[in-house]
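Take the sequences, apply the hints, and build the full model.
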Amino acid sequence: MESVKVIKPGFFTTVQDLGRHRYQNIGISTAGAMDALSLRLANLLVGNEEEDAALEVTLIGPKLRFAGDGAIAITGGDLSPALNGIPVQMWTSIPVGKDDELSFGNCVAGCRAYVAIAGGVNVPRIMGSRSTFSRGHYGGVEGRALKSGDEVPIGNCLFKLNDIEGRRLRPDAIPDYGKDRAIRFIPGPQAEAFIEQSLDQFTSTPYVVANESDRMGYRLQGQQLNHVNGADIISDFIAVGSIQVPANGQPIILMADCQTTGGYTKIGVVISVDLPYVAQKKPRDQIRFEAVDVTYAQDLYRKREKMITGLKLLNRMLPALR
Amino acid sequence: MTELLISHKDLRYVPLGDCTLVVQFENKISIQVNRGVQAFANLIGSRKIPGIVQMIVTFNSLAICYDPLRITFHKLADTLHGLEDQMSEAHAMPGKTVHVPVVIGGEYSPDLEEVSARTGVSSEQLIEALISKPYYVYMVGFVDGTPYCGDIDERLALPRRSNPRVKVRKGSVAIATSQTTIYTVDSPGGWHLLGWTPMEMFNPYREKPCVLVAGDYVQYVPISADESESWDEQRQREWDREWNP
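Here the protein sequences come in this chain order: A and B. Take 1 as the starting number for the first sequence in the numbering used here and just add one per residue. Take 323 as the starting number for the second sequence in the numbering used here and just add one per residue.
No farther apart than 30 Å at their CA atoms in a straight line, the calculated lysine-lysine pairs in the BS3-like style are these:
| no. | chain 1 | residue 1 | chain 2 | residue 2 |
| --- | --- | --- | --- | --- |
| 1 | A | K312 | B | K370 |
| 2 | B | K455 | B | K492 |
| 3 | A | K306 | B | K370 |
Simulated from the structure, these hints should not be mistaken for lab results.
Given below as structure tokens:
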């Protein structure tokens, strides 16, 4: 398949890969998929490299028309995907043909779906990545969300479509975004800037995701957190997942498009394996926090990567074309 | 220089999530402290520690992004701690000096009069102070290569505007607190605008997207409004040959 045509753009559909990770020393936001796990799994299902570019669909999905035969996988939040009007399964590789149309319906669980296409979205790499950074107007398609009429170029699929169709994940590898679970974080690096009870307050009552929440950050509303000596620090580095608390005491989780440095105290940072669950929260959803230590978080990280490595090995066993 | 160039007392190693370690230096903005951060980054870089993905120098801390599959937080912190004593002035190599053409006055300096009125420093003296010396680049951050440089003449230090502008033109040369910056893209902003440069400080499509990196110096060089408006790539190449070889 050479391209995918955008019939309707949806609310905010962008090209994303795993982002820019070597330019933060010059103030370049990583961008990349908000739910990187779902992007990686979608890519692996259709025989792509895990870091290939795919489409990130937000809340209200687009209507897409495929230009030829191919395979796609839809992962992430359940936005009721349908092919030619008939509901299709997520988390599996499905065949598509010329002029088939993919559309979305109700947002059932989560809020961001990923559509990987065998061959990957083939837009130019800017600073090592194809991710759209809409604030900077670069990456993806003209540095912006997709609009009607866009033709999104697709790369060459390296495998026979028969070999990748119908591939699926083990059920325990599929994240459940509908389930109520705590978001775990590692306290620091300015945890001591808060009064003693703050960590307890932060973890004892849930926060509500505010309307002003996007790829840059999630504003939360709930129990006010208090500082010992004010909310300002000498500006330092911000990792994706950092939980900033400005003077009003209401936390903000910084996400994929966040700035690289900032001058507010950080009470903690969401652990890597839980970031996808934050990315699937939408305004008015609740978030409960739970503190963990770095060793525990890195054990979970290794466990997850082991699962992904297994899937990558399966892809290596696919017979290559020719 | 007689005074010690770098400072690295009581470093703290703290996790910033599970993929980044932050080395916190003394809690103040000073060139001496920042040179320590720079020196440590250079030393660590020279050791090729497996698992380190990149390092980000900020005012008084060094963020180290790493791959937890290759090195754990505690192992990395121990390794770095063991390097502290090897840090020396030799690792704090000064960066390059970049001469930036700046047009000052009229429409290019919308806040010149206000800054002059609030500080009691005449516009002429203010301009003279701004172009009198090179500024040290403490860090490059925020968004799209924003440089944080200093220290400006202390008579000019003002807090940021209480009412930030919705749009500041790319290339605006600005001051706030003890620092100066150059807006790398059109963006909202609360700094005081004193001049404008036609030099493109940031371009995501260039091999080196950013002209300035942490540890460099920036020196403003006045040019005329006419010259700035006719600036092009050819003129920039001539400028760089003459001023930034």
